[in-house]
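Mind docking chain B on chain A? Use the hints.
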Amino acid sequence: MEKPILQQSDDFREEAASIPGILPESISYSVFKRFFLDVASLTLFTLRFFKEVFRPPYEFNELMKQSYLIGYRSLPLVGITAFIMGLVLTIQSRPTLAQFGAESWLPAMVAVSIIREIGPAITALIFAGKVGSGIGAELASMNVTEQIDAMQVSWTNPFKYLVVTRVVAATLTLPLLVIFADAIGLSGSFIGVNLKGSVSAHLFFSQVFQSLQFSDLFPAVIKTFFFGFAVGLIGCYKGYNSNKGTEGVGKAANSAVVFASLMVFIIDMIAVQLTSLLQN
Amino acid sequence: MTSNAALATTHDDKHSGPVVVEMEHLRKSFGNNQVLRDIHLVIHKGETLVVLGQSGTGKSVLIKCIVGLIDHDDGKLAILGHNISELQEKELIDLRKKIGFLFQSAALYDSMTVRENLEFPLRRQLDLMTQETLDSLVKEALQNVGLAAAIDKTPSELSGGMRKRLGLARTLILKPEIMLYDEPTTGLDPITSKEISRLILEVQNKYDTTSIIITHDIECARLTANRIIVLKDGRCAAEGSYKDLANSKDAWIRSFFE
Chain A
302 MEKPILQQSD
312 DFREEAASIP
322 GILPESISYS
332 VFKRFFLDVA
342 SLTLFTLRFF
352 KEVFRPPYEF
362 NELMKQSYLI
372 GYRSLPLVGI
382 TAFIMGLVLT
392 IQSRPTLAQF
402 GAESWLPAMV
412 AVSIIREIGP
422 AITALIFAGK
432 VGSGIGAELA
442 SMNVTEQIDA
452 MQVSWTNPFK
462 YLVVTRVVAA
472 TLTLPLLVIF
482 ADAIGLSGSF
492 IGVNLKGSVS
502 AHLFFSQVFQ
512 SLQFSDLFPA
522 VIKTFFFGFA
532 VGLIGCYKGY
542 NSNKGTEGVG
552 KAANSAVVFA
562 SLMVFIIDMI
572 AVQLTSLLQN
Chain B
1008 MTSNAALATT
1018 HDDKHSGPVV
1028 VEMEHLRKSF
1038 GNNQVLRDIH
1048 LVIHKGETLV
1058 VLGQSGTGKS
1068 VLIKCIVGLI
1078 DHDDGKLAIL
1088 GHNISELQEK
1098 ELIDLRKKIG
1108 FLFQSAALYD
1118 SMTVRENLEF
1128 PLRRQLDLMT
1138 QETLDSLVKE
1148 ALQNVGLAAA
1158 IDKTPSELSG
1168 GMRKRLGLAR
1178 TLILKPEIML
1188 YDEPTTGLDP
1198 ITSKEISRLI
1208 LEVQNKYDTT
1218 SIIITHDIEC
1228 ARLTANRIIV
1238 LKDGRCAAEG
1248 SYKDLANSKD
1258 AWIRSFFE
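The listed protein sequences correspond, in order, to chains A and B.
Position 227 (the first sequence) corresponds to 528 in my numbering; numbering is contiguous.
Position 246 (the second sequence) corresponds to 1253 in my numbering; numbering is contiguous.
One chain only, chain A, in its complex shape:
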């Protein structure tokens, strides 16, 4: 009989505790041990995800429902944020470019900034805040009210039904949201350019597309799959393994956002380094 992931991590904790420590017990039980045990537990959780994702039955209906809830329902927030982001970036950049007489470069500069970095990163952070916390709180609440156990005794694999569907939905919908956010952000930028000038839509978007290359767009979109995966997985991990009690729900939601946001920055840093290496 397969042990639940929590129990596996409990076993791991017991095993780790039985090994005589080099550090004094008070220190060894503190931050380091907790950190490495959490990393081990998350690794087991991730391995279980990859084991379950390819194994039938596939929860297609639930995947569609989660894609709707995670992706479609995030459109207004992502759209509004992206519009403001494009507008503000344009307004803030104009004076600096004007000092060098390079105002005509504004569309190109904003386009490269939004497509390569700001669009994916800001959208992923918003996604971590909205979706990561939502998943963490929902699963933790299901854990507290024994809904996950009820699912298990209803001949359903709760990991597959709840975790796999949400992680896959987050992985697939974030890139689409980023493309949407990029488009809305550029529209905001177009309005920003026209607040103190007059540039036609045709000219603005011609300059935008002329300044962009495939190597700007492709790595930026690829990394968003990893952002989406990290947000979904961490939200599910925190919720699925939350402590019982209402306090556990709050903690799961909070730590899901913090940890997912941090992971977005770490993945972004790695992606930028890799892209830079490949381009040189």
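Hint data in this document are derived by calculation from the structure and do not stem from the laboratory.
As the structure is a prediction and not an experimental result, all values here were calculated from the model.
The beta carbon of each residue, even a glycine, is placed where N, CA and C say it ideally should be.
One or more of the hints may lead you astray.
Looking from chain A toward chain B, a few residues come up when the C-beta cut is under 10 Å (computed) [claimed, not checked]:
| id | residue |
| --- | --- |
| 1 | 450 |
| 2 | 451 |
| 3 | 456 |
Then chain B, alone, in the frame of chain A:
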């Protein structure tokens, strides 16, 4: 009243059918906390066993071991002739199809309506079932618990008693052979508690299920039990009928019934 050693062999004369649940030297610990120490128990088909005991004596752990939600550490646990610890995941899922579990909180899916809550287990087991069959099974289950009018409501719109009844309907919809009730009347007023107890009894008579009921509600135990066991420090401290235990010479046992 009988001693712990004789526990496995004694039972109501009416229930001497096939053995459904069998436990020998069952043990379960959480860290240093030994919750179940040495449980011996045999439950026969059609029997209703009530488990009493103070909080933290391992009553809920006992039934969670039966359904495989918690792995026991040591000893034998056989359900319908299958040794739980030897089952593969798929075999365990197949075995769970014969077991119903009513959770203390009813564990209704908040994101689903009453209808969807009832359809969920049906769809998991019988993918090819037509919508007409689903509808008729759902309506029958709701009528059994007197909730036909609530079919399109969400769990948040139901009272505590209604949630418990809905939980019972969801558990019974595929007519399990074994029913496990985890404190079915906790948090309910005396009238609703009695209603739930009567409902358990009706279900028992209608479907001839074998039931294990964890409860602190003595009225529920009186109404439903063929046999009662009392857990103390992870062991069966006493076993017998309601009348036997209510008249026990042991003041601690009697205190449950006062």
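Hint-by-hint comparison with the structure:
Interface restraint check for residue 450 (chain A): the shortest CB-CB distance to chain B comes to about 5 Å, inside 10 Å, so the restraint holds. The interface hint given for residue 451 (chain A) is met, as the beta carbon of that residue sits about 4 Å from the closest beta carbon of chain B, less than 10 Å. Given the 10 Å rule on beta carbons, the hint for residue 456 (chain A) holds: about 5 Å separates it from the nearest Cβ of chain B.
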